[in-house]
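**Q** Sequences and hints are given; from them, build the entire structure.
Which chain is which? The protein sequence lines are A and B, in order.
Residue numbers 1 to 333, in the working numbering, belong to the letters of the first sequence in order.
Residue numbers 1001 to 1266, in the working numbering, belong to the letters of the second sequence in order.
Treat the hints with care, as some may be off.
[Claimed, not checked] Now the in silico label distances, taken between C-beta atoms and shown as ranges: (1) A:Lys205 with B:Ala1054: 42 to 52 Å; (2) A:Glu248 with B:Trp1202: 41 to 51 Å; (3) A:Thr166 with B:Trp1202: 17 to 27 Å; (4) B:Val1226 with A:Thr166: 42 to 52 Å; (5) A:Gly109 with B:His1223: 24 to 34 Å; (6) A:Pro32 with B:Ala1054: 32 to 42 Å; (7) B:Ala1054 with A:Asp158: 44 to 54 Å.
The hints are simulated quantities; they were obtained by calculation from the structure and are not laboratory data.
Note that the Cβ used here is the ideal one computed from N, Cα and C, for glycine as well.
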Amino acid sequence: MRSVLKTLASLRLTMVGLTVLIVNCIAISQWPDESIPWVVLPLSLLALNLFAALVVRHAFRHQAALLLFHVGLLAVLMLAAAGVLMRFDGSVELIEGESFDASAVTARGAGWLHPDSLERVDFAQGPLEVRYLSGFQRDTTHSRVVVSRSNGAGIERDIGDREGFTSHGYRFMTTFNKGYSVLVHWRDTDGREAIGAVNFPSYPKFDWKQVNDWTTPAGETLTFELKLAERVPDDAAWTLSSLGTDYEVGIAGKGQTEKTIRAGQSMVVAGGKITIVDLRLWMGYRIDYNPLLPWLLTAAFLSLGALALHMVQKFRVPRATESVPVTGGEQAA
Amino acid sequence: MSMAMERTTLVAAVTGFGVVLLLDVLLRRSGRATWPAVSGALSVILVLLTAAVAGRWLRESQGPFLTLYDVLLSNLFSLTLVYLVAAWLVPALRKSSAIVVAFLGMLGIWSLTVSAAAVPLPATFDNPWLWLHVTAGKLFLGLCLPAAATALWLLVRSRGSASQSGEMDAAVWLTLSLAFVCHSFMLIAGAIWAHSAWGRYWAWDSLETWTFITWLCIALLLHARVTFRRMPVSYGWSAVVAIFGLAILTFLGVPFLSIAPHKGVM
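**A** Written as structure tokens, this is what we have:
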């Protein structure tokens, strides 16, 4: 067993592992979407090599800082791997006034061990405001949310850009992705009512294409076009907000002539009548979950501190009065 | 400080690098000590660069993080400062001053050829971890430069005494090891900042990947030094120079060529 560990602890194996990892990282720089398969094998090899070295190599026993650095490095590897297995990465769009619905979340990635508890997250989207500098440079984002606590009480938070909020381990961050949404009231010929929302493409990125389709409860697909009365200035600061925005909505069924209506106005369509209720903003949130991040950070800093200490212990500053001899073709230690 | 004043100050600093290089060569040929004159002249250049960076910072109300010009200007400042401090503390690094100054001069000429127009810093970048990330990166590059310059000097002109070469060799590995510590901190601080700015701590974007490759190359070299103790010293010096080349490509090339979120962000 010990001989196997000694073989595994070889520094030459470390060199092989690091070289393979470098080559694979170069491959990742070309195909970044396939990163995990490229790094799993060399990182596993290096983790095994490091574990064996920690057990059998005497050099570590005499250099506590070096030992701590490598233990920390092993912990970073383990925690990063466990974090990948437990993580969740997704996104959701919320309209002002809308409550979070876990079924509307688009998952981009979830680890095998992710404890799916998004349903427990409860918050409502309040007013949104995004400030711009001249030249379409996005400045600050302000999103007001009301987050429900476990005792049922709601707490109001103003989040954006640098600050998100965390609920049941899921962190919600605002993104650059946001735009207008029109609330539509539907009433069918039997008097049944419903409220729907048409989210238009991200604004101002796609200000030239504020068009989206919406299917009525009767099954007819309508094309909505948001027509804003004023264009945003490209040479002055401005604020993206749903308040006080003058707009009209052009609506057309397939093959029909478009009809333009304003807020409060109605239009008869197949099977019922639609009324424009209000203009709101929607915000795209990025959701991430990794409960091991604080531990990963702790291990990384512990490892870094130990590395710095080891370097301080290892090197003495060579002074002009001192000399470090070089013997033959070998390096100075 | 106006933009015109900033450019004039930068031109003066870049011209200063040329003058220092000439001075260095002439003093070496005459067999006189170079360091007092070189360090004095570099200190004057550092004052000019400090004025250019501070003036730009005050005028634009943001740090020099975003454009290629920002990065070149701030690196001219940090590389000069770190070299002066490192060579003051470790005399063995002074011998390669001509190589350091020549490199800084080339970087300076490059900075004069790129657009100096400022780009507003996105709100997500207003984070103390970005400061720490960038500072650690500048320290890394600042320590890598004298390590590589000294290694290159040893490769080209290691005809001096064994003791002198030994001091310089030790200085190479000292600065490279400290650079490795700074690089490690840069990776951690960058991950914390990325988690805050983009909701993830690592995403294998071009700059992250190449920065990690640079870190791995240094780790590989430090392990190789222990593994192959009889390896000729010139191999290690060559590798140090190559790692500095890789770091320069990573810091000054990749961010401005990629389309990842890191584009233009330093």
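**Q** If you test the structure against every hint from before, which numbers come out violated?
**A** Violated hints (numbers, rising): 1, 7; every other hint is consistent with the structure.
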